[in-house]
Structure formats: C-alpha cells, structure tokens
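Given next are the chains, with one letter for each unit.
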Amino acid sequence: MKPIAFRSAAARPAATRPALPRAARVARLVRHSPLLQVGLVAGFWLAGEAMVRLLGLPLPGGLVGLALVLALLASGRLKRQNLRRGAQWLLADMLLFFVPAVLAVLDHGELIGLTGLKILFVILLSTVMVMVVTALTVEALSRWSRADDEPALS
Amino acid sequence: MMSLLSPEAAGRVLLWSLVTIGFYAAAKRIYRRWPRWWLSPLAVTPALIALVVVGLHASYRDYIGGTRWLVLLLGPATVAFAFPIYEQRALIRRHWPVLLAGMVAGSATAVLTSWALATAVGLDGVLRLSLLPRSMSTPFAMEVSGDIGGVPDLTAIFVVITGIAGGALGDLVLARLRFGSALARGALFGLGAHGVGTARAHQIGQTEGAVAGLVMVLVGLLNVLAAPLVAHLLR
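Here the protein sequences line up with chains A and B, keeping their order. Going by this note's numbering, the first sequence opens with residue 1, and the numbers climb by one from there. Going by this note's numbering, the second sequence opens with residue 1, and the numbers climb by one from there.
With the rest of the complex left out, here is chain A (with noise of 0.2 Å):
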C-alpha cells in the first residue's frame, strides 16, 4: 500500500509515458483496470483487518479500511480514477455476494409455516413505520431549516 505513488503517477504529464518510473505505470495500470482497483479495495480491506487485528479495536475491518480509504481520498493521496470503477463493480454486483448467505434458508426449516408468516407481519409492519418515521422527520427538518438558510434541493 503506496498511496504517494498514485499521487505521483497523477501530477506527471502522458508526454514522459516511455520514461515512467515504476510506481507510476503501475499507477497507470490501475486506472485502467477494474479487477486491480478491486484488488487495491481488497487491499485497503485486509489492511482494515490487520489494524484491527493488531490494535484490538473493537470495529470491523471493512470500516476501518472504509475510513482509510476515505482519508486518503479527502487527502488527494489516492485519486478517485484509480478506486471508481473497481468499486462501481463491487457495489454494483454486491447482491451477488451475499446470495450464497441467503441459502442459510434450507438450513432454517423453522421459518416455513406460522413463525415465518410473524416474521413477514414484523417485517412488513416495522418497514412501513421506518419508512413514514424517517421521512416525516427529514421533510419537518429540512422545511424548517429552508425557512432560515438557502433554497433546499427539492
């Protein structure tokens, strides 16, 4: 993990191609390949693991290689063109990854029948209300706060 290397790699003209140092073309690479920048996300994941692994924090992984990945960002350390389009595939394609945990259903044969009927109701019943709560809450607020600033996006 060499987050100077892209900045590096990015301030240099296209004219000095034949000449690029190392980190650079790698760099380069990068920006043009999806399965590396999903490969760099996976990096900063197992980075993420190892920090938590090492100073006992009591976070998951994911976020702390989430929250690097986001400094670096905000830093201009690592550049958005490098991340985008391996991470557009890993969120696009997220559902793929979690079907397999879904099959857990066969093993679950006590939600066929009534108790999985209560868990619809509870389900159903709980989402209309996050819905109605969540929304109610952001329309009140933002009305109130377009009364004393800026016109808000609507």
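There could be a bad hint or two in this list.
Stated by the list, open to error - Straight-line distance between alpha carbons at most 16 Å, and here's what the computed EDC-like set of lysine to aspartate or glutamate pairs gives: (1) A:LYS79 to B:GLU87; (2) B:LYS28 to A:ASP93; (3) A:LYS118 to B:ASP124.
Calculated directly from the structure, the hints in this document are not laboratory data.
Model the placement of chain B on the given structure of chain A, informed by the hints.
Positioned in the frame of chain A, the structure of chain B alone reads:
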C-alpha cells in the same frame, strides 16, 4: 485454502460458484427486461439455486463450502462504500444535520418496532435479535447481528425480505403521504429498503437516488458503531 487441494473440494467450489454466478447473471437479465419487484434478482437467484441444491440432494453445508469466497467479498464491498460517500461530500456538507436526524429517528424506529412487534407476536430469543438490524445493507446488518447476539445468516434472509418488500412498500407510502422534499423521499427508501430501495429511488430521481444511497451507507456505519451499545442495553 487447504481444502482446495482435494479434487472433491475443488469440484464443489467450481460447481456451486458457477451455479451461483450463472443464475445471478440470468436473474439480472430477466429483471432488466421485466422490472417487477417480485422478479428482483434478490429473490429469483436464491430461489433458483435452492432448486438445484435440493434437486441434487446436496446440503447447505456443501453449497456454502463452495461459495464462501463470494461471501468474503462483502468485506471489500464495505470498503468500496468509501467511493459513493466521497462523491456525495457536497450533499453531506450541506444537509448533514437533517440527514443525521432522519437516520437516528429511522434506525431507532427500526430497532424499537422490530423488537416490540416481534414480542407482540411471540417471537423471541435469537429470531428477535436477528430481526433488529434488517433495515441495513447486508454487510453492515450481518456485522451488527453478530455483535448483538443474533444469527448473521438469519439476518441476511430478513434483509432480503425487507429489501424486496420495501421496494413495493415505499411506493405505497409515497402514494399515501406526499413528501415535498427529495431528501425525504430518498431517505425513506435508503433507510427503509437499503439496496433495493436505493435502486428504486434512482428511478424516481437523481437526488432521491443519491440521498438513498448515502443514507443507506451512513446508517450502516452509524449502526455498526452503535451496535456494542445496543448489545449492552439488551443484556
């Protein structure tokens, strides 16, 4: 990784990975052509795979043994959320107090109503705990579920049901209560129905979609951070 050395295990990984990825790709294609909520790839893919697993007289253990590497990718997916958060920084800077209030109110409602309704219909123990984090996006929900003493696998199932139902319920709620601000409409979908809701919100409008995605991510973060506290209160 050791188990990959045996041909039997390698075959299992190959078979179930191909089945999973193949059905997922097919389900996505079907949904693109007929975008009905009940044809959501979220529902169709596991259903098709379940047919194959049962048809081949295999067990969930066989199946998950071959596809655990896919579930592991949820870790990098969590990290990938840094990107949309960074992209929406202007929106966050401008509206963070309103969005934060909405997220806290919504999360509290999710946990309290799940707990109360589950208790009312006589669900308790692990089932009730596993229901609490179901409004969140899966990687976060499974993390929180484990933290508070639920079963992450069960929570994954509940998250999926919430998503599928939430896409349709959100439309119903919006038809009854007209919310004037795009922030409110986006937050409704992002908090109520995570990924599926975000997809639906994108169809309604750009701001709605951005807000939904942002709220979905931030509420996941918020809840993962709050989970130890909730776990403490539940004990």
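Here's how the hints hold up against the structure:
1. A:LYS79 to B:GLU87: 12 Å, holds
2. B:LYS28 to A:ASP93: The hint holds at about 10 Å.
3. A:LYS118 to B:ASP124: 11 Å, holds
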